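Trainee: Knowing the structure of chain G, use the given hints to seat chain P on it.
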Amino acid sequence: MITLGVPSKGRLMEKTFQWFAARGVEMRRTGSDRDYGAEVAGLPIDLRLMSAGEIPRELAAGRIHLGVTGSDLVQERIPAWDQAVEVLAEMGFGHADLIIAVPAWWVDVRTLDDLDAVAADFRATHGQRLRIATKYHRLVRDFLRDAGVADYRLVDSQGATEGTVAHGTAEAIADITSTGETLRANHLAILSDGLIHRSEATLFRSRAAKWNDSTRSALDIFEKQLKTGA
Amino acid sequence: MTLKSDIRAEAEALQAIFADAVPVDAPMLVSADTLLDLYGEDIRGRAFTTHDPDRGELMLRPDFTVPVVQMHMDGGAEPARYTYLGEVFRMQDAGSGRPTEYLQLGYEVFDRANPLQADAEVFALMLKALDGLPVRAVTGDIGVLLAAIEALDTTQARKAALRRHVWRPRRFRALLDRFTGKGKPAKGRAEYLKAAEEEGLAAMIARAGPPIGLRTTDEMNARLERLRAEAAADPIDQTQAEVLVSLLALKSPLSEAVEALQNFAVDLPGLQGAVEHFAARVDALKAVGVSVSDIPYEASYGRTQMEYYDGFVFGLLAPSPSLPPLATGGRYDALTRQLGGGREIPAVGGVIRPEQVHALRRAQA
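Chains G and P, in that order, give the protein sequences.
Per our numbering, the first sequence runs over residues 1 to 230.
Per our numbering, the second sequence runs over residues 231 to 595.
Among the hints, a few may not be true.
Every beta carbon over 10 Å from chain G, so not counted as near; a handful from chain P, in silico [said to hold, decoys possible]:
1) 232
2) 254
3) 347
4) 383
5) 449
6) 502
7) 516
8) 521
So the derived label-pair ranges between C-beta atoms look like this [claimed, not checked]:
9) P:568 x G:159: 56 to 64 Å
10) G:192 x P:286: 30 to 38 Å
11) P:446 x G:11: 37 to 45 Å
12) P:427 x G:61: 53 to 61 Å
13) G:83 x P:455: 48 to 56 Å
14) P:264 x G:159: 24 to 32 Å
15) P:440 x G:24: 49 to 57 Å
16) G:184 x P:255: 49 to 57 Å
17) P:427 x G:192: 15 to 23 Å
18) G:86 x P:238: 37 to 45 Å
19) G:61 x P:568: 50 to 58 Å
To be clear, the hints were calculated from the coordinates, so they are not data collected in a lab.
Note that the structure is a prediction, hence the values are computed from the model and not measured.
From the three backbone atoms N, C-alpha and C, an ideal C-beta is built for every residue, glycine too.
This is chain G alone, in the form it adopts within the complex (with noise of 0.2 Å):
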């Protein structure tokens, strides 16, 4: 018997119930809508509920075997990421990018290279660092090491992140969107080399969970199942 934690909500659920499905396995809930029971018919799999931002962690922590969960939640929540999980399906749902974005009216500001050098003088000017407000504090701090952007300092932001530039509390954001509309309605501009991670769901497999004869026989018979299809 292997664990798998899976979505416990909304459409990243139904997505994943339905994705599993077309591969010929068959999840469904047990019980009432409003508990969190679950159960894959026919296949040594326990299946968990769970919210999808705690699958991270739980991977991580190897108390579950497999769980699905968005790329970007795993690459910001658990440190060296590729050596505490592998990737065994990207899942072609839940789209989302994860990018920096500047006020529109910055027409001067389109790309990290000009991003930095404004850094620069806001620096000089406002005697601090320029703000970005993120949730995605490690993603974002690696990749703007690598670009060579400095003199900018994360402000973290766990929900409305478009609207903290309105609000005066970040000069620029890095957040997770699918369409964009949100970005313009709040009046930002993504910079053109601004894409830090494109995230999908990913169906991973924790390397710290306990892998024996009997785990890994199981992993092998669900993996055959999903190769094969219905």
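Mentor: The following block gives chain P in isolation, referenced to the frame of chain G:
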């Protein structure tokens, strides 16, 4: 298994070398704002952050330099020599297995009278402290790099950009290549300048969206002027840029470095002052008994990881490159200016990692 008490005993024995200095202590919790301001966002990946309901965001001290400089600037007598011994805390990469807390033994000199002599004093003491151990010394001089940038025949704006990124070798190189015309021009720059010329910045802004955020149209106008000046500036002479690049790659024993640097100063005459300063330091090192023919100078040493040093820098490295250095240090005059709120004092110092010294001694035994 090494006992913590053994490492502390090693550290205390080492500290005897700094017996003439005033022993000081420092708080373990340091204002995150101060550290972020000095080191930038990267410090968050290297220091442990915590939170206090009254004082806000705090960090477990990643080193003693900041608290000791703050303490000195708050009314320390001059000149001053301080020594300290205590834990520092560093967040490490996942899976690296490197220690997250370890003792640091330090020695800092705040002295206006003779900075070069102070450089030599600190380096010689560190060598003496680690005498008999198979360490590999390496030295550098950030002042030479900054002077070489200043010596380029180009605009102040370009020099400022290069100075700012001297700590990021890849970005530095890309900028230098752009300024010589060898690299790609900044993407979208020509289009922006053309549009600003034809349509006018005010109209472009009005069309783009409401002026949200702290940045002002004045700042944008000022940048436009700078971008125009940049576009009109002559490229940096290819030969000068090549001299700078080969200077950055220079490695030679200290005893021969002066002559090598003098050759660079032929092509970059503005470098002369820094070379004389460098030569005077080599003399000062000789005068305190350092065997300068055995000590390497690497022009780029200190360019990564040590963003606050601005003069002499050194490291005493372990025999294996996978191990952290046993001692590092350098001059950080500019840091005292940043923390001093208008005041400054020439400062140089170094730290030893007693647990590394202890491990090396045990490996030798």
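Trainee: Now look at each hint and say whether the structure bears it out.
Mentor: We went through each hint and held it up to the structure:
Interface exclusion of residue 232 of chain P from chain G stands, the closest Cβ pair being 26 Å apart, more than 10 Å. Chain G leaves residue 254 of chain P outside its interface by the beta-carbon criterion, the shortest separation being 30 Å against a cut-off of 10 Å. Annotated as non-interface, residue 347 of chain P keeps its C-beta farther than 10 Å from every C-beta of chain G; the closest such distance is 34 Å. Distance check on residue 383 of chain P: its Cβ is at least 22 Å (rounded) from any Cβ of chain G, clearing the 10 Å threshold; non-interface status holds.
For residue 449 of chain P, the requirement that its beta carbon stay farther than 10 Å from each beta carbon of chain G is not met, with the minimum near 6 Å. With a least beta-carbon separation of about 29 Å from chain G, residue 502 of chain P lies farther than 10 Å from that chain, consistent with its non-interface assignment. Listed as outside the interface, residue 516 of chain P is consistent with that label: its C-beta sits roughly 38 Å from the nearest C-beta of chain G, beyond the 10 Å cut-off. The Cβ of residue 521 of chain P lies farther than 10 Å from every Cβ of chain G, with a closest approach of about 38 Å, so its non-interface assignment holds.
A hinted range of 56 to 64 Å for the beta carbons of residue 568 of chain P and residue 159 of chain G is inconsistent with their spacing of about 35 Å. In this structure, residue 192 of chain G and residue 286 of chain P meet the distance hint of 30 to 38 Å, their C-beta atoms being roughly 36 Å apart. A beta carbon spacing of about 42 Å between residue 446 of chain P and residue 11 of chain G agrees with the range 37 to 45 Å that was offered as a hint. One distance hint, 53 to 61 Å for the beta-carbon pair residue 427 of chain P and residue 61 of chain G, holds here, with the actual separation near 58 Å.
Taking 48 to 56 Å as the suggested C-beta distance range, the pair residue 83 of chain G and residue 455 of chain P conforms, at roughly 49 Å. Checked against the hint of 24 to 32 Å, the pair residue 264 of chain P and residue 159 of chain G passes, with Cβ atoms roughly 29 Å apart. For the pair residue 440 of chain P and residue 24 of chain G, the beta carbons lie near 53 Å from each other, so the given range of 49 to 57 Å is met. Take residue 184 of chain G and residue 255 of chain P: their Cβ atoms lie about 55 Å apart, and the range 49 to 57 Å holds.
Distance hint for residue 427 of chain P and residue 192 of chain G: a CB-CB separation of about 21 Å, consistent with the stated range 15 to 23 Å. Distance hint check for residue 86 of chain G and residue 238 of chain P: the Cβ-Cβ separation is about 43 Å, which falls inside the suggested range of 37 to 45 Å. Checked against the hint of 50 to 58 Å, the pair residue 61 of chain G and residue 568 of chain P fails, with Cβ atoms roughly 41 Å apart.
The structure fails to meet hints 5, 9 and 19 from the earlier list, while all remaining hints are met.
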